[in-house]
Amino acid sequence: MKIIISLLLLLGLLQVVQAQKLVSKNSHIWFTAGTSLEDIEGHNRLVVSILDPATGDLAFNLLVKSFDFKAALLQEHFNENYMESDKYPKSSFKGKITNAGSINFKKDGMYPAEVSGDLTIHNVTKPVTTKGTIEVKGGTVTAKAEFFVKPSDYSITIPAVVGDKIAKEVEITVDASYSPN
Amino acid sequence: MMKTKYRYILAFVILALLAAVLVWKYTFRKSDISVASQKADVEIAASKLLQAFETDENAANALYLDKIVLVSGIVESISEDSLGVSVYLKESDAVGGVICSFDKSAIDVSMAKKGLPLSIKGICTGYLMDVVLNKCSLESGVKN
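First to last, the protein sequences are chains A and B. Quick note, the first sequence lines up with residues 1 to 181 if you use our numbering. Quick note, the second sequence lines up with residues 1 to 144 if you use our numbering.
FYI, nobody ran anything at the bench for these hints, they're computed from the structure. Any given hint could be a false lead.
No farther apart than 27 Å at their CA atoms in a straight line, the calculated lysine-lysine pairs in the DSS-like style are these [claimed, not checked]: (1) A:LYS70 with B:LYS67; (2) A:LYS87 with B:LYS67; (3) A:LYS107 with A:LYS87; (4) A:LYS70 with B:LYS90.
Please build the complete structure, drawing on both the sequences and the hints.
What follows is the structure in structure tokens.
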């Protein structure tokens, strides 16, 4: 009897652990939009991300103003002219790791991941699909992905004068580490 | 006669050089030097800042966004990665807090200890799960 009860308890405990969502408050997202004429790179180290290993649900939320640039002028242009961060302070992604079933979040290893969902930038939401990796190492889960977006898809207009300096497609890199709580 | 002409030319060249240097400095000024050396626009307790954002995010955005804010609070955790350090200020009974991001060079990590009070100056960039301060520096001469 005792064994059955402890087994049931253990089972319950396992479910609680399984149901626990992974939260990261300092995920790193950066983009490069430079051309051979100018180097443009912005880093945001304060991205909030929630990953549910059980369902594969994945969400990112960030403040546009938290993007850092080497030069202050670039940062001003980014916020004021392109992202209009006073009007639209946040960007987000809400989606799923579609192959979450084949990832064992309890076992160390490197797993390929397929992600799709809705990306909201500059108050415009578009579907996005990309491939990435999930690395599990000693209880820490790290998710990485890279993908491209076109500023024009998100109603961000780049004046012709600087058109040669800004890439037509912006490369976005995501690096999120979730520590166990 | 010739002398005055040369003087004008010299003055013009010097002015032009000065203007060029100023424009250069403005265009390529570093984005993060400023915060540490500038005076804070607002001084507030971390818990009060959080409260302002929890009650009315839009109103708080209008008050604090892009401002240099000096917060004081209790250190809940310190996390370090290859790029920087973030210090999380939080009251033990609160759900959220104030998360402060530092460049590696901007903080002596030994100054921040879990459970102890700390004053941090940074640019407020908004509110997600916590209030976010970016480009932070430690305020020396911590007041309790």
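Status of each hint after checking the structure:
{"no.": "1", "hint": "A:LYS70 with B:LYS67", "result": "19 Å, holds"}
{"no.": "2", "hint": "A:LYS87 with B:LYS67", "result": "16 Å, holds"}
{"no.": "3", "hint": "A:LYS107 with A:LYS87", "result": "43 Å, violated"}
{"no.": "4", "hint": "A:LYS70 with B:LYS90", "result": "30 Å, violated"}
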